[in-house]
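Asks: All chains should be modelled from the sequences, with the hints used to inform the complete structure.
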Amino acid sequence: MKKIQLTLCVFGLTCLAALSAGAQVRFTGTVTDGAGKPLPSVTVQVKGTNTGTSTGDNGVYTLSPTLNPGSYVLVFSGVGYKTLDRLVTVGNASSYTIDAQLESSSLSLDEVVVTGTSAGTTRRQLGSYISSVKADDLTKGSTGNVLAALQGKTAGAQVTQNSGDPAGGISVKLRGISTISGSSDPLYIIDGVIVDNSTTRVTNTDATYAGGNFVGSIGQNRLVDINPNDIERIEVLNGAAAAAIYGSRANAGVVQIFTKKGSTGAPIVNFTTSANLNQLRKKLPVNTAPVKFGGSPATQTQTILTPTITNTSPVTRYNYQDYIFRTAMGTDNTVSVSGGRDKTKYYTSASYLYNGGIVRNTNFSRYSFRLNLDQVLNNWASFNVTMNYIYDKTNEKPDGNSFFSPTNSVTIIGNYYNIRQRDALGNLLAVGERGRANPASVIEDFRQQQQTNRIISGAGVTLTPIKNLTVDYHMGIDNYNQDGTTFIPPYAYNVSLAFFGGGPSLDPTQNGYASTGTNTSFLINHDLNLTYNWKISDNLSSVTQVGYSQQYQKMHYSLQQGRGLPPYVQTVSGASTAIPGVDQRTELSISGEFIQQNFKYRNQLFITGALRNDGSSVFGSSQRNQVYSKLSGSYILSGTDYWGSLGIAKWWDLFKLRAAYGESGNLTGIPAYGRFNTYIASAFIGASSFTGQTTYTNPDIKPERQKELEFGTDMSFLGNRIGLSFNYYRKRVNDLLISRLIAPTNGYSSLTDNIGALENKGYEIVLNFEPVKTKDFTWDITAIYNHNENKALDIGQSLLLFNTTSGAPVAIIGGQPIGIFYGTFFATGADGKQVKNPAGIPQTESGIQNSPLSYTPQRSQATGLPTGTALQKIIGNPNPKYTSTITTDLSYKKLGLHIQVDAVHGVDVFNADFRTRQGVDNGTVAQQEDLGQLPRGYIAGIYAIQQWRVDNGSYVKLREVSLSYDFGTGIKGLKDLSFSLGGRNLVSWDSYNGYDPEINSAGQSTLLRGIDFGAIPIPRTFSATLRAKF
Amino acid sequence: MNKRTLSYIAILLGVALASCKKDYTDTSGPSSSQAFNSPNALTDVAVGLQNWYTAGRGGLVYNTITADGILTNQLYVVNAGNTDEAQLGTGGGAVQNTNGVVTGLWGVSNKIIYDANLVLAQTPKIVTDKNYASGLIAYASVFKAMAIGDLATFWDQVPTGIADTLGASNVGFETAPQGYLNALTVINDALTTIGANPIGSSFLVNTPNSIDIPNTLYALKARYSLFAGNYADALAAAQQVNLTVKSVFGYNTVVTNPIFTLATSTNNIYQPVDSAMGLPAGLQPDAGDKREPFYIAIGANPRYRISGFFNATNAPIPVYLPGEMMLIMAECYTRQGNLVSGANWLDSVVLKQPAKDPFGVGAGLSTPVTYTGQNDLLNQIYKHRCIELFMGGLRLADQRRFSRPVTERKRSFLPFPFVERNGNANTPADPTF
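Protein chains in written order, with our numbering: chain A, 106 to 1135; chain B, 48 to 480.
No lab work stands behind these hints: they were computed from the structure. Note that the Cβ used here is the ideal one computed from N, Cα and C, for glycine as well. Possibly wrong hints are sitting among the right ones.
Covered, in the sense of this in silico footprint (three residues per stretch, anywhere, with C-beta under 8 Å from a C-beta of chain B), are these stretches of chain A [said to hold, decoys possible]:
no.	region
1	401-410
2	529-540
3	553-563
4	713-726
5	797-811
6	826-836
7	969-981
From the derived model, a few chain A residues whose C-beta atoms are all more than 12 Å from chain B [unchecked claim]:
no.	residue
8	T304
9	N489
10	G937
11	K998
12	Q1033
13	L1086
Chain B side only, calculated, beta carbon under 7 Å to chain A, not exhaustive [stated by the list, open to error]:
no.	residue
14	T74
15	G76
16	D91
17	D162
18	Q169
19	A210
20	T239
21	G297
22	T300
23	V302
24	T308
25	N315
26	N348
27	N469
28	G470
29	N473
Replies: This is the structure:
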């Protein structure tokens, strides 16, 4: 603290010294691209000062700095263009016109990126790869979710939509997963405000419905609140090499989002409206056999699993998908006004999004208002404020992992009930004797709603007290309140207590359920950065940066719930049986300081080194402070004199080599209070009970630490028509937090400690190609290929196996990818074919299990069939071998066509629903057994073989298509008008035995991935969009 | 820049950076050290032992009754989708060492022993009120003894205690009969404690208070002495039990009867095999035995359904039945050669009218037993233990004690859980059956 005050005093003095009078001058001009087209949003700055602006939509800028006579440099920089410096000599005149023409660069070498620095740096200087996604690319994909819009846009990122709910969760994994405890999603920063992207369930939250098993991280993640139309660009930092400066928060990478800013000139009104249509892309085939085994469906179900029942009864089969799914409409409207005068610039927007879910009675709506204000105070100080208010509301149904979610309620019953049939009193009827919920109850009677009020706001000052020194202070607050209610009305028929029914007696103390949950989150961050630019000699310059940051987070989650609801009552207070609630309060803080030094030699060679020290309240005092380091360099061979003299320079424009090393930490590995090993307090039959947890956390635990080494090259050829980037990286996370299984005779079943290590290594290739570029016709192709190998190196034991609600046997094994499926498998003969018993039923491989990965199969001498204990092995891997994207953009005059195809290859999905459909007699394998095409007892025979549920999850998806027509300025009263027709997730080429292999019913979980258990499939979306500019 | 602007900025930064607090407390419950440093906290941890023992699918009530019931053919698995229970139903090598019931039984037993040890060690140091301390020790001892007893019932070797250093030491093993003796040591210590200072009511008001602690200690002493083969001790202890007192695990609408909630009400996990209670010919209930309709309800699809102590959300489950004490006395007399007294006590069970039993369990038969000798009498005692204590979690131990053929069960002992073998080098080899 003392140090900072001292620094401030020093600044104060220098500030005062810097106050000398100058005259106000006016710079104006038009910035255009190579073809002479005006360029909006180009930053124009007087070098070494704080004075800057950006161009309006007509490419015009105006700057009015107060300057003494002398020479100044105007710097023009825009995303996707090379930075241009123009020398201006200020004399007696008061106004100067300086036009500029910027050269585009497919690799955007001089594009400005902001990597934890206040002033930003150019891509040229970076030793590590940072991808940048522009606004245009985010709005072609027919989605209102910014993370969905990122799919396939950046190298090294695997973006997976986990649920097809209208506000369904999306996970982002940058260069593989970086932890096994806590979230492996990156740190998100919007305009300098650290924002919360957590997943908190405020609806459908009762612990019992998860069976006490490992369920994952299900529901909306909070980036759903952000309106993509407000975004100017997104920068993605894949690993520690790029993100070391973010210290303890950067293990999973950093995603920086920058929203639009105003520019001086006449106000510009942008209006965007779109309508979209969501539908189920693929309907699953269902059992159509006219018979079932056993008696009437009302009294005897799941008989297919009891092979001794061989009599049959005639049944009428239904397809419930026609009932629960629908085609839904959505709209997305945004109006923005931006502009500015002299020293004030503003961007404001208002938007309303409505998105109908493909499951009946589900939808999501979002209101968002934004104000971004930039104010220049004087020639050495400026101030900016960003404010974003969001309100959103979701009408939901229970998500996967429970047998009363829309898809599971259908999956878990035979398809021989008329679910819409009602009795004389208008009540729905039971579906069989097992106490399942009738899907019609779920769709028509369940009410599940949540709403979020959120404000994300930031304010900052930038001071240039003396030439070449920038002081930047920024404060950000992300504050939201999430509120949810669940209402399951009492059933009129027998539903099991586990599904909040009243059982056969319709017990009024148990029948029905209501809950109310709220989550209040407050997050504040302060960042103070000092940047000093020093030109040491003509060839050598230096940038020194010191910074201090602090973050504080407070969360309060509370849940009240009850069951046994009287008629008409939907609130918890009226429930006859209170279920223990939750009142969870946590606080945590992190603070740290860093120093970064950068040297630049002749714009060819760049070296950057940094150190950061961080402390977090999550860890014990002995491990609180952690130091992270970083070193990176880049060398632009094509910038050397020698290169210029070579013949290849004619067609080889750029050749850059880079290398970077960085370290970072992870704070989310253990909960805020994990190290206290709190005994859980609960009411217990008129008394209070303290129960110890089953996991013991070492109180001296420390953060996980990642070390990443990255090498790469950027090349461009033929006048930048071909660009190629290649990155190779190796990330190692040491001190990995693992809940190691320990012998229960320790009093605990697992011990959380810094035990293990994991590794991600891989490479990324980004290829840009512009085969055709004429005045009327351009064709751009971008291909991204990501290959990542993830591996647990050391887990302190041979095998960690997790029991999950879905039945997925998720495991961690040393030397193997994290989250693999490990379980029983089919016995096969020497010919590779399945071993079958005389009845023709496949067998579980059996024998002797020597170790988790080694076994010896045994065959019975008498029968030749497997004998011994059931063997287990790795039966599937939810980590893809590679992901890739090909994007092509064609434009002919005013017509544009954008197509994006994503491919995910070499990945398995644990398809729990597939097996359930057979076990309850509504699937197509069951149909074959019903019809005698498979031996009786086939399904019962292979039901327990876990490998049966492992399905091929590879797919190629037509992710985005957009056909647009730009009317241009031809229409009176409009500056621009464009119309586009598009679609998202239109076609999937896969061999998956379910709706869509891109799914995870465990939501945003790090560990449980590739599980299909009752989640809503991702819809196919068609959209029509109109954009007008006034 | 004027001085005022400067001072504003300085203040802003000062305020922003001043709060660097790093120590917070968890307000939701005590830390692992706070839980053992006050009488009330210790009591709540002891209540937590009952919570562990009795509640939910992970509790020992569910897992002992389930494992015992399925392994000894009292129950069959209705839906093979319940993998853990289905493995028990297949039995033999199909019961994997990752089985949830096996792992749960082992883990929760050890958890109870661990926390009970801490309560028993801390109580004399923290609790000054002798009567309060006496209650706390006796109450925690009930659960510790049962947890040890359950381990000795389902495994042929049991751990000697809790590891000294968390995660870094291997506990040794000893035979199951020694396990029963360990449980008896806990019980005898508790009986000595309450003998010196009766349990204070100030303690009981802090507990659910449905367990009659002194009678339960004697009943458990009788049960485990019998299992350990100490018939004289078993007889003496059973005689101490007041047969009119009810000692139960209570439930309410929140903490529900786990068997009812999970199995009875769903009809989706298991149900009774048949009206013969899974017994072979010759040992099946006599016609008119009223215990059969008490324990097994008649419905449709399936016909035989769970009833007894598992027929309602808040139905209490007895810790022991008076009938068990009578049958212990019958068996001890018989094994000690006093066939007349043995038969008398067996008759008191066979002839007991439901209305005369505090729990309504009564065969209500009219004919006293006839027997041809000690073995025959023991055989009939076994038969009536099976019927009287249906779904009581004791039949597996009884089958072994009475040397019943292995064809009557799916396994004699459970395999050691993977988690124990993985973390404890001393884990014995799994029994083959």
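Asks: Does each hint fit the structure? Answer for all of them.
Replies: Status of the hints after comparison with the structure:
no.: 1; hint: 401-410; verdict: holds (count 4)
no.: 2; hint: 529-540; verdict: holds (count 3)
no.: 3; hint: 553-563; verdict: violated (count 0)
no.: 4; hint: 713-726; verdict: holds (count 4)
no.: 5; hint: 797-811; verdict: holds (count 3)
no.: 6; hint: 826-836; verdict: violated (count 0)
no.: 7; hint: 969-981; verdict: holds (count 3)
no.: 8; hint: T304; verdict: holds (20 Å)
no.: 9; hint: N489; verdict: holds (15 Å)
no.: 10; hint: G937; verdict: holds (25 Å)
no.: 11; hint: K998; verdict: holds (53 Å)
no.: 12; hint: Q1033; verdict: holds (19 Å)
no.: 13; hint: L1086; verdict: holds (46 Å)
no.: 14; hint: T74; verdict: holds (6 Å)
no.: 15; hint: G76; verdict: holds (4 Å)
no.: 16; hint: D91; verdict: holds (4 Å)
no.: 17; hint: D162; verdict: holds (6 Å)
no.: 18; hint: Q169; verdict: violated (13 Å)
no.: 19; hint: A210; verdict: holds (4 Å)
no.: 20; hint: T239; verdict: violated (25 Å)
no.: 21; hint: G297; verdict: holds (5 Å)
no.: 22; hint: T300; verdict: holds (4 Å)
no.: 23; hint: V302; verdict: holds (6 Å)
no.: 24; hint: T308; verdict: holds (5 Å)
no.: 25; hint: N315; verdict: holds (5 Å)
no.: 26; hint: N348; verdict: holds (4 Å)
no.: 27; hint: N469; verdict: holds (6 Å)
no.: 28; hint: G470; verdict: holds (3 Å)
no.: 29; hint: N473; verdict: violated (9 Å)
Comparing the model with each numbered hint stated earlier shows that hints 3, 6, 18, 20, 29 do not hold.
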